[in-house]
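Using the hints provided, position chain B relative to the given structure of chain A.
There are 2 protein chains.
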Amino acid sequence: MAEEAAVRAQAEPVRRLKQDKADPDEIAKEVAKLLEMKAQLGENEGKQKFVLKTPKGTRDFGPKEMAIRERAFKAIISCFKRHGAEVIDTPVFELKETLTGKYGEDSKLIYDLKDQGGELLSLRYDLTVPFARYLAMNKVTNIKRYHIAKVYRRDNPAMTRGRYREFYQCDFDIAGQFDPMIPDAECLKIVHEILSDLQLGDFIIKVNDRRILDGMFAVCGVPDSKFRTICSSVDKLDKVPWEEVRSEMVGEKGLSPEAADRIGEYVQLHGGLELIERLLQDPKLSQNKLAKEGLGDMKLLFEYLTLFGITGKISFDLSLARGLDYYTGVIFEAVLLQQENEHMEEPVSVGSVAGGGRYDGLVGMFDPKGRKVPCVGVSIGIERIFSILEQRLEASEEKIRTTETQVLVASAQKKLLEERLKLISELWDAGIKAEMLYKKNPKLLNQLQYCEDTGIPLVAIVGEQELKDGVVKLRIVATREEVNVRRESLVEEIRIRTSQC
Amino acid sequence: MAEEAAVRAQAEPVRRLKQDKADPDEIAKEVAKLLEMKAQLGENEGKQKFVLKTPKGTRDFGPKEMAIRERAFKAIISCFKRHGAEVIDTPVFELKETLTGKYGEDSKLIYDLKDQGGELLSLRYDLTVPFARYLAMNKVTNIKRYHIAKVYRRDNPAMTRGRYREFYQCDFDIAGQFDPMIPDAECLKIVHEILSDLQLGDFIIKVNDRRILDGMFAVCGVPDSKFRTICSSVDKLDKVPWEEVRSEMVGEKGLSPEAADRIGEYVQLHGGLELIERLLQDPKLSQNKLAKEGLGDMKLLFEYLTLFGITGKISFDLSLARGLDYYTGVIFEAVLLQQENEHMEEPVSVGSVAGGGRYDGLVGMFDPKGRKVPCVGVSIGIERIFSILEQRLEASEEKIRTTETQVLVASAQKKLLEERLKLISELWDAGIKAEMLYKKNPKLLNQLQYCEDTGIPLVAIVGEQELKDGVVKLRIVATREEVNVRRESLVEEIRIRTSQC
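Chains as they are written, first to last, in the numbering used here: chain A, 162 to 662; chain B, 162 to 662.
Worth flagging that the hints you see were computed from the coordinates, not collected in a lab.
Treat each hint with caution, since some may be false.
Note that identical chains are pooled: a pair holds if it fits in a single copy or bridges any two copies.
SDA-like mimics (lysine to any residue), calculated; alpha carbons at most 20 Å apart, straight line [stated by the list, open to error]:
1) Lys242 with Arg230
2) Lys311 with Phe234
3) Lys634 with Arg315
4) Lys257 with Leu598
5) Lys225 with Ile561
6) Lys311 with Asp221
7) Lys225 with Glu551
8) Lys460 with Lys600
9) Lys275 with Arg315
10) Lys460 with Leu436
11) Lys575 with Asn602
12) Lys275 with Glu258
13) Lys214 with Glu258
14) Lys387 with Gly265
15) Lys604 with Gln338
16) Lys300 with Val212
17) Lys257 with Met526
18) Lys217 with Leu281
This is chain A alone, in the form it adopts within the complex (with noise of 0.2 Å):
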């Protein structure tokens, strides 16, 4: 092509002045002109401009990130199982009209699939509508499952602290009629059993009620209309001073000055069952029948959860209210504490890595006939634990395997390729996980080192001698020591080796 002769021409000429060291001003002109010649060449051609990166907000998960992820995932997925679910999984797309109407203002967050004819379809927004979906579908009325998948919402990633536009979200559900309370305590017990598993330093889960919530704002003189809206200021108590929050519902939501001071007066209040029996002698809220039911209820909890012995993490906080609008009793949200760490020089504030609550009206919004399906659950946000799983490993000296090679086959000299493949075949036969390098006569010091870098703990070596002896050189790549082995003999003694390790 007559422009790419014409760019390489002009190199030249920057070369040289550079070469030369030229006046900076001259280098900039010619250096200017090359940038533009390349540029318009850049329009003809495709390949220049492609850029090469993950969509906004996703990342991939390389060898070490998905061995801390595993990691994670284990503890998670053992917790779960420990409890007695069972698991299921969902398309990651569902009917557009699925997921209609159960996100208020959030909706406009998610993915729709272009509409190439067909149905309209969109990516899932989280776990519960489409588990929701699969309960009216199949008529099931009684289920204790987990769901470990990814979920997509089209906000704003900060992806440093973990906010990203596709993440997976590790959920645990109760569906069915129960008597109050016993599924939903169990729901916080699997939180603080996680939470104190993956040891992510010193947390709280804070506990409230919808009905609370409701009833307060009705006693408080909050018109019906504004119950949405002012709960979503109230949500934000956690980010904003209370003053912030009051003047945003009285200047933009319209609400009077008085109504904002007795909500004022709840909502800084949190604690433990003293406080649930003190509102319940509340002269307001005791006459809402909503609050009394919530309180009754949140008392019940507690004395559950006493039982099981985690009150000390717990907290009932009145300034609770998570936005997702099909919460019906009790809410949850488990939040990290800033933590003191003199190992840390820059300590991470991370805010709520779990949540959850009682969604009593969903499934019954599926059914044809609005049968009501109870359901309680928990959501664990594993996007903020891995950045802090992977932070932490970041600063430790702890090498990360990504593999779970036991046995590397080796040959200490050449011509022996057919030995090791024939030798590597027998182990992978019997189970052992095995590894060679694909070269014909690689080098043993390069062998060696393979080991030394990925953390393989076990050579077999095969050579001349051994090949007459019937033996294979077994070395112990952290003592370097080696011992012959008889080659019947090498699966067993790998295994016992490798037990060991």
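Okay, now just chain B, sitting in the frame of chain A:
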């Protein structure tokens, strides 16, 4: 709403006429009027018309299907790990341009996301192109990884035969510049191990090479421009007889009858080492550089497969011509063979369950400087495998457990909810998988029945007498044996008894 009142009003005469067993025509007339009114009303009411389903070509996995799926994944993952693979994960959608130009005609099957301002996105079509994008983006030149995830194709689903629009792929790939055919042979070994392990019945792995195909087309007199389209005709040979393929080549694709006949002589050949040797002596093929290269490597591959002891299931088949644009060397495909099984009434005809090949050019398409990273990989078609496993389990008497619960905490009398909660909490904290019924006062019989239904092997029964004595009654569901265990020994006792289960 006025309309609703009208509908209710119209329902009245219908009911009355039916009650009076009036003239059917008259009833029909009034019913029609009612239905029309309801239909009009329905237009204002989304709920009635809501379709409760998953999108076309997708499905839910309930607990039972998940148990089967997890079993198959376990076999596959353990094979991948046995071969030293790391694991990576990529987003479910990619920039649209990442997928553009990688799939030839099949591009029309790609799901695009709606343009909502921002990047143009598409759901991944396979895991290979995202893998190549990952390698180029992170400048990885050497990796052995697996990736198990869902991919998306707007194909016409035949769900009974395991063809979906959303389906899993289980991919294992080796990237890097290595000595020839060693990684390729390992991919075939992996397919062999997995299909043997899953016990899906007899299978054969067909092997060919893109270079042999291209060389064969050249020596048969196919014009360069027709290579691809003739290749896609040849690819149909596993489903239709040669005569039909021939007439497509000549009639639709304008190939000369002589060229078609020459192709016919080759593509009906299949065999092992002896066929390779013969073709290496073939006066025409041996003159073609590409074919010679391909045949030479094929010979090497068969030597390695002989060392692996798996040539019995491998067939060098000149009709194998896998569709994807990006293959450059070895290609292969595993097919299940029709089973003549007297236990099965209708033997299931399943086709390809795994496939793969070498694609040395794909990563270079993403690299700004076109740097190549040779790759070879295999993809397990797990959906068909699921179908077979599901059908087999359906046919067998085996009862599949969907939870791992070891013990049910039960009560013998009323008013023991608190004691159950305390005990189950202790068990959970000790890592025991435990459940209880979410009722205040469940009947003992119902609790035992729950164990029968779900396969829980042990029941820990708390009763008034046991509490006094500081013991728990442990019941073995299978034998109905009951023993009193001191509370402090309960965890140990459950561990011992469940390790035997």
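> Which of the listed hints are not met by the structure?
Replying inline: Hints 3 and 4 contradicted; others consistent.
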